[in-house]
Amino acid sequence: MQFSSKSGWPRPGVLQETVPTPMNKTGSWRFLTPVFQESNAPCRLACPLESGIPHWLNKVRQGDLQGAWQVMQVYNPFPAITGQVCYRFCEEKCHRASWDEAVAVREVEKAVGLWRHKNYRTDKTGQNGRLKELAGKKVAIVGSGPAGLSCAYYLRQSGAAVTIFEKLPLAGGLLATGIPDYRLPRDILAKELKILEAEGVNFRTGREVGQEISLPELQAQFDAVLLAVGAQQSRRLQVKGEKLPGVSGALEFLGDLHTGRRKAVAGQVVVAGGGNAAVDAACMAKLRGAREVSLLYRRSREEMPAHPEEIEAAAAAGVNFVFETVLQEICGEARVEKVCALHTAPSRRGEPLQVLPETAFELQCDLLIVAAGQESNLPALDPALQNAVQQANKKNPARGSLNLENKLFAAGDALTGPASVAAAIFGGRQAALQLRQALGEQPGTAAPEPSGRTSGFNRGLLPPAETATPDSAAAFSEQFKTRAAVYPGIAPPLQGPQEAIGYDNLNAFLYPKQGRQVATQQEAGRCFSCGTCSRCGVCWVFCPEPAIKQEPDGSFQILLDYCKGCGICAVECPAGVLSMEEVPGHGT
Amino acid sequence: MLQTLLGDFPRREYMLNGHNACAGCGPALAVRYLVKVSRQEAVIVIPASCWSIIAGVEPFRSLETVVLHCPFPAAASVGAGIKKGLEAVGDTRTQVIVLAGDGATFDIGMQGLSGVAERNEDLLYVCYDNEAYMNTGTQRSSASPYGSLSTTTPAPRAKSSPKKEIMKIMAAHRIPYAATASVAYPADLMAKMQRAMQVKGFRFLHIFTPCMQGWGSPVEFTVRLARLAVLTRIFPLYEVADGARYRISSFPEEHIPIEEYLQGQKRFAGLDESQKALLQKEVDRNWAALCRQADHSPFISDD
Amino acid sequence: MGRKLLDGNQAAALAVKLARAQVVCAYPITPQTSLVESIAGMWAQGDFSGEYVSVESEYSALAYLIGAAYAGARTFTATSSQGLAYMHELLHWAAGARLPIVMVNANRALGAPWSLEPDHLDSLAQRDTGWIQFYCAAVQEIMDTLLFSFRLAEETRLPCMVIYDGFVLSHTVEVVEPPLQKQADAFLPAPPAKAALQTEQPQNLQAVTSFQYLARVFQERHLDMLQVPRVAKKLTREYAAILGRSYPLVEACGLKEAATVVVAAGSAAQTIKSVLPALNSPEGPTGLLRLRLFRPLPAEEIVSLLARPHIQRVVVVDRDLSAGLGGIFAQELRALLQGSPFEGKICELNLAGGVDLTPQLLRRGLKAAAAGGGEQGRIIWGVDL
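Protein chains in written order, with my numbering: chain U, 1 to 588; chain H, 589 to 891; chain E, 892 to 1276.
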């Protein structure tokens, strides 16, 4: 007995065909549309290397140190070094600092660098053969400091034959001679140099350009020459007695200690100056045996140009700081015996200094270290270069590096004056970019230019577009879809106005307040990924439709056919890369 | 599984898009998480509620499992009956989940709910609580909080009685497992769902699912308000085993005043300072009591 | 099994056992209580193969069975009076969902005020819920009809209500001959051991519909309901072949010469039947038409049975009252016989409130009817006679 319906309609209560709801294109309800727009994280803006910090932190969070290194090296080939010596400009600006504590970016960076050191196979010959546009080109780099090394790294990545000329018997420049070894253990530098050698960089140490070989000779023998000679010419104090034995420039003093020319320090040491070199020298003197070290600085502690981290280290080492004091005279017969000093009235940096004449006092002194700043080594190499730099700067202001005439380039402290290791590495990276361009880079192999249309997870590698308002749903969808990962060999510099986003939308659940973590991976996970899509999936997790879909490549796509425009994703996105906008033609 | 900041999330969706929920729907979000856990292993019973609509109007369906609709007060009994019926025909594997709103749970379905709880029927009862009859346009229920406005408690006569303490009622039935959860804490919600799926007997999940249309807040704040409800402790997250042993799932670190949660919700527009203070006092008292409970009779889990 | 002395409730309980109902869920209410107790007793002793669940209300009892029936289980419940009224919403739901639930209702008057009298309004008030309704007149019939109903409900996918007068039948012991289990099994095969709900096959059952669907659902239920007499007759033949007993949908007694036909349902009809030979009204011999099946109303059978020229008058005995209209059986007959020679001649003897139909009262009623007291819609009140 069949009781099937005469009408042909399915009977309720018995199995029947239903229609899945995706037939309903509920996206037509929408009158606001999520728009994807990345912006620069504050850490990246603060970083002299303009490093895509949220990106490689995200890789570390996922436990992918190989991937982290791949992202890292686009910006910075020496994270083991910067992980030791960088002054953490990023951490100063970290949004997380006002939530609980800044992410320990430098520690994570160091971990990435040490991972690279551990996993780099020195028996490997050549390179990975990714970009070979400079194959057959020969480049000479004068100076083996961070700028020169960085440029060498990137040029080797591009296939150029690189020779580094270093006047000292040991390579590394300031990294070897200037930075105290307690800040940069020399085995780390040695490993870094070893890797570069394994990558095929040709080091010619003990070869001073201008002595053994002239600059014009270099220019004749090589397709291009980079001058990365640094800024180690100590300025003079212009006080009486400066020529006495027992008076040394800070960098000379540090260099002597690190190269072994000076074995130990003894007696009473006075350091004059308030920069990093002064503090480093004072600290090293104390650590190497000085009975007492006094550092004289003409203004207050707050005004000291040295990084607070350095000052703290020196104080901890027992350096005696004497603030608001200037040297008046250096006294002694055969060598320095004492110094006369005066106090100054409190003043800010940049203001004229007012000396208080009644306050003169004397200090015993066996060694006076003068750290009144350094100047570029370029003029010493060739006085004409000063002019060339000025000319080139006029044509195209320097950003870390300059293309002078005649296949001559300059980068790093030599160009900018004393800065930071990070800035020098940036200079070398920039020089490599310019060299690549100048030496006939093939179009199409360049780093992708930033564009408002291509957007997604990897966009943070590149400068953000100033405006990226999609004009149609399809364009948006395309925009949100992530491109295949394209890591250019060398990151181009940031361009145009950049704005660091706020973090109002922070999800306290995702980021419980906590102090710094011990484990690297956990620490990296504390990053808010400001302005940068980290593919965390929070948008997808909180979509009630769900109208967000993850592609097999890990990127996310908003299904505008179903997105009702509620905006939860924009509120919850911890990176703030989504916002709700009225888009003409969407919904009603 | 998808690695997110929230942990591992099952990637596959068992709730289909194109459903009829309003934009920013809290209950839709809750069920999306729930069915990621229950997958195709459960029959879902829905009494009259928002989900009567969201599950699809004939001939549509938005869930990838068997959904059964039933009269408003009948959900608990129908669900228990399905389970018993399935067992009778030899299916001991399929679970039954009741998916009821606060009206069907706190109000009209209370008798049947109490019945199945007392009999300890093998049933997972999920109450998605949006604190009023939202499907019919915001009429008060006994889950509506003190001081809230609705079309049946219109200004200036806001609801004068406090929210019914459903968890205490369920705990008093000594059911094997009861827990509160929130759409703002999906990992927690799904973990509790997982635990509930593994327990035999009557299980009760009370899920906080904001309704921005009914509460008078911007639709994008569904998750934010749900989170604030937990952080301000007006809706604490906890579990109760056998009606006696308590475990608090998350201890809000700071004491965020209830004001943070109330502001921006039009339904609380009528509250004056003294009423807010009263509400705060109530919240503090409840939290303290919950903490005492958790201290004195800790939850012992076998996981 | 042999013959047994059983009351209506015990007979019903036995039928449920023989039917191998899988889920029985009920809430006790006088006069149904002993039925539930019987099943609970068998269940506790392990004599009942199904599950017995004692719930907290009639509402939940039927809700529970709706769930169990969805799952594919054979289900049974029993109630009475207020309990049936409390189930009302779910009666509609069960029928709308086409769930073959079987239930017993022992008639009892609805309050207020409280009463235990066997008024029929409790079940008649549910006539529009889409349930098949059988009114039984004897204990043996209760047992047979109940067993029969499971098969009928499952074949038509319509829920079925077996109704008998509270106390008069529920608590009156009669000699019955219960079927053997193998006979019962031969008529009513065990339900398939397969869940009707398969979660891998997504469904959205009883979702919100628009009128396009709903109109079809209603129309179809009506058309299927109209098939019930045909199916029931077929099943009756099967039942008779196996068990040697059969019951017509409409029982006729003494219609061959009757001038007056009394139409009645339930135990009242049994009383009438027993005194029929001595019941000659002033107008001549009296016959009986017992409505056993009330929903669907077996219109064809009633009309053809009454289509005899010697029948002058129809007297409908109603133990119910739709206030403002009259007895429900009488109204149904009046509507059915509109345009027939009986139009305007259908008398109503109303026993609402459970007035006991004694032979004396019946005679007085027939006399009043012969005097025209019940014509033109007027009611002959049993309580006034």
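I should point out that these hints are in silico values taken from the structure, not numbers from a laboratory.
All C-beta atoms in this analysis are idealised placements derived from N, C-alpha and C, irrespective of residue type, glycine included.
Accuracy of the hints is not assured; some may be wrong.
[Stated by the list, open to error] The list that follows gives simulated cross-link-like pairs (lysine to any residue, SDA-like), each with its CA atoms no further than 20 Å apart:
| # | chain 1 | residue 1 | chain 2 | residue 2 |
| --- | --- | --- | --- | --- |
| 1 | U | 25 | H | 592 |
| 2 | U | 513 | H | 845 |
| 3 | U | 549 | H | 592 |
| 4 | H | 624 | E | 1092 |
[As the list claims (entries may be wrong)] Quick partial rundown of chain E residues pointing at chain H, CB under 10 Å, derived from the structure:
| # | residue |
| --- | --- |
| 5 | 916 |
| 6 | 924 |
| 7 | 1087 |
[Unchecked claim] Which chain U residues stay away from chain H? Per the calculated CB distances, all over 12 Å, these:
| # | residue |
| --- | --- |
| 8 | 22 |
| 9 | 233 |
| 10 | 302 |
| 11 | 561 |
Handout entry: Least C-beta distance between residue 233/U and chain H, which was stated to exceed 12 Å
Key = Correct as stated: the minimum Cβ-Cβ distance to chain H is 51 Å, above 12 Å.
Exercise for the section: Examine each Cβ of chain H, and state whether all of them lie more than 12 Å from the Cβ of residue 302/U. Expected result: holds (32 Å)
Exercise for the section: Find the nearest Cβ of chain H to the Cβ of residue 22/U and say whether that gap is larger than 12 Å. Expected result: violated (4 Å)
Practice task
Go through the hint on residue 1087/E and say holds or violated, using the shortest Cβ distance to chain H against 10 Å.
Solution key: holds (8 Å)
Practice task
Mind checking the CB of residue 924/E against every CB in chain H and telling me if the closest is under 10 Å?
Solution key: Not OK, violated: residue 924/E not within 10 Å of chain H, min 19 Å.
Problem - 20 Å Cα cutoff - pair residue 25/U, residue 592/H - result: Violated, at roughly 28 Å.
Exercise for the section: For the pair we were handed, residue 513/U and residue 845/H, check the Cα-Cα distance against 20 Å. Expected result: Holds, at roughly 18 Å.
Handout entry: Restraint check for residue 624/H with residue 1092/E, where alpha carbons must lie at most 20 Å apart
Key = holds (17 Å)
Practice task
Would you mind confirming whether the straight-line C-alpha gap from residue 549/U to residue 592/H stays at or under 20 Å?
Solution key: Answer holds: residue 549/U to residue 592/H is near 14 Å, not above 20 Å.
Problem - Restraint check, 10 Å cut-off on beta carbons, for residue 916/E near chain H - result: holds (7 Å)
Practice task
Could you let me know if the closest chain H CB is still more than 12 Å away from the CB of residue 561/U?
Solution key: Given a closest Cβ separation of 8 Å, the condition is violated.
Of the numbered hints listed earlier, those contradicted by the structure are 1, 6, 8, 11.
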